[in-house]
Amino acid sequence: MSIWEYANPKKFMQTSAWALPWVTGLTVLCLGVGLVWGFFFTPDDYKQGSTVKIMFLHVPAAMMAINAWVMMLVTSLIWVIRRHHVSALAAKAAAPVGLTFTLIALATGALWGQPMWGTWWAWDPRLTSFLILALFYLGYIALWNAVENPDTAADLTSVLCVVGSVFALLSRYAVKFWNQGLHQDSTILKVGEKDPLDPAFYQPLVVCIFGFIFLFLALVLLRTRTEIRARRLSALVSRERLA
Amino acid sequence: MIALLVRDLRLAFRAGGGFGLGLAFFLLVAVLVPLGVGPEGGTLATIAPGILWVGALLACLLSLDRIFALDFEDGSLDLLATAPLPLEGAVAVKAAAHWLVTGLPLTLVSPVLGLLLFLPADGYFWLVVSLGLGTPALSIIGAFGAALTVGLKRGGLLLSLLVLPLYVPTLIFGAEVVKRGAMGMDPGTPLALLAAITAGSAALLPFAAAAAIRVNLR
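The listed protein sequences derive, respectively, from chains V and B.
The first sequence lines up with residues 1 to 243 when you count with UniProt numbering.
The second sequence lines up with residues 1 to 218 when you count with UniProt numbering.
One or more of the hints may lead you astray.
Said to hold, decoys possible - Output of the computed footprint for chain V on chain B, the stretches with three or more beta carbons under 8 Å from beta carbons of chain V:
1. 7-13
2. 148-156
3. 196-209
What the hints assert, rightly or not - In silico negatives: residues of chain B with every beta carbon more than 10 Å from chain V:
4. L32
5. G41
6. F72
7. P165
8. E176
9. P190
10. N216
Claimed, not checked - Here are some chain V residues the structure puts well away from chain B; computed CB gaps all over 12 Å:
11. T100
12. A110
13. F167
14. K176
Please keep in mind that the hints were generated in silico from the structure rather than gathered at the bench.
Using N, Cα and C, we set each Cβ at its ideal position, and we do this for glycine too.
Make the full structure from the sequences, and use the hints.
Shown next as structure tokens:
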């Protein structure tokens, strides 16, 4: 039993068909519990009022926006090194999901920033690097769409993803250097330190984070399955044409 | 390698278009910005470093698709790929040729445009130094983008979408050097980082670009 078994599209389709309903169920459960808990059963913050509850969408979306790119980097490398088609298709499937999460993080951040900072947008390092991340996603998706041959497209986007990862990291630190921040530091990992996140907020937030992880998994599995089916279909069509 | 460099330079000079176009574009940016922003010296002086760097970056972008596209169309890129010179070397030479016909002239005329935008006197030296150090990175990153899109019919727009995010760190550090220099602060840190980006791109990106070209020629 090794993970490379799932490089076989047939095996992947079988396993993912079994896993998809479970992952979807967990998504609904976690997001349902987490969001309802977060929105209706947590106290208002003494400074931020009820706007603090945007956090339950904002933080998980932002985390998954970055993790989606990391996942694309890993699957791209697997494609380049071992040439498993499922891996390349998973990277292709993850990109629009990652872009959507990036936009959710930016939009919810703007909604929160308007009453709290008094502005929809600030050229803060975190905000700016997220905007740049969205641009990287856009370029990646555009390159997939522009190249006709699927293997060529997979190769080129993988190279772009690897180089893009380096430059995205560089941009992150360049932007930090360029402007001081308005955005608060992350408090999630500060448990046990001074000024931690209150447990009343912490617990529903963790549930929401798991909800977003499962949501990402479910969407990527679904989209990868669609891509595999589309690939099979085009193979059938071209075989028909030859016959 | 020298022969390839000479060939590329000769083509750039004789075929016309590409060489002067970037410079003219850079000049136009420097003329249009005061027309849009207003002729007040104070405002122009504060935005001059950024405008000059953005202008240089866009002027560089204009001629990127010519790095490989012409050679791809007439088949000489296939010859280069099968030549004894490694394709990585050919990519580096082509990026160098691109820099010699766009980045270097841009660097040399930039003080004149700085004059138009009332760049503070301390900034001129750092403007030339930062453009001289930074534009090679623009050329080599652009060559990578051009390699990705070389096989596409309408690659031009896609090329800018791919390359512009990659230009972010170079732009930030480059403009920061000029800004600090113009304000009389020490521009050492951003200058070192800018040089690091150029050196790192020049060392690593030819491999990625060559890989992309091999895929496109397959």
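Hints, verified against the model:
A stretch counts as covered by a chain when three or more of its residues have a beta carbon under 8 Å from one of that chain; for the stretch 7-13 of chain B and chain V the count is 0, and the coverage is violated. For the stretch 148-156 of chain B, the proposed coverage by chain V is satisfied: 5 residues have a C-beta within less than 8 Å of a C-beta in that chain, meeting the threshold of three. Counting residues of the stretch 196-209 of chain B whose CB falls under 8 Å from any CB of chain V gives 3; the rule of at least 3 is met. With a least beta-carbon separation of about 23 Å from chain V, L32 of chain B lies farther than 10 Å from that chain, consistent with its non-interface assignment.
Residue placement check: G41 of chain B keeps its beta carbon more than 10 Å from all beta carbons of chain V (closest about 25 Å). Interface exclusion of F72 of chain B from chain V stands, the closest Cβ pair being 14 Å apart, more than 10 Å. In this structure P165 of chain B is not separated from chain V by more than 10 Å, as the shortest Cβ-Cβ distance comes to only about 4 Å. Look at E176 of chain B: its CB is around 6 Å from the nearest CB on chain V, not clear of 10 Å, so calling it non-interface is violated.
Non-interface status of P190 of chain B relative to chain V is broken: a Cβ of that chain comes within 10 Å, the nearest being about 7 Å off. A cut-off of 10 Å between C-beta atoms contradicts the statement that N216 of chain B is not in contact with chain V; the least separation is 7 Å. Every beta carbon of chain B lies more than 12 Å from that of T100 of chain V, the smallest distance being close to 18 Å; the non-interface claim holds. Non-interface call for A110 of chain V relative to chain B: holds, since the shortest CB-CB distance, roughly 21 Å, exceeds 12 Å.
Chain B draws F167 of chain V into its interface by the beta-carbon criterion, the shortest separation being 5 Å against a cut-off of 12 Å. The claim that K176 of chain V is not at the interface with chain B is violated, since a C-beta of that chain comes within 12 Å of its own (minimum 10 Å).
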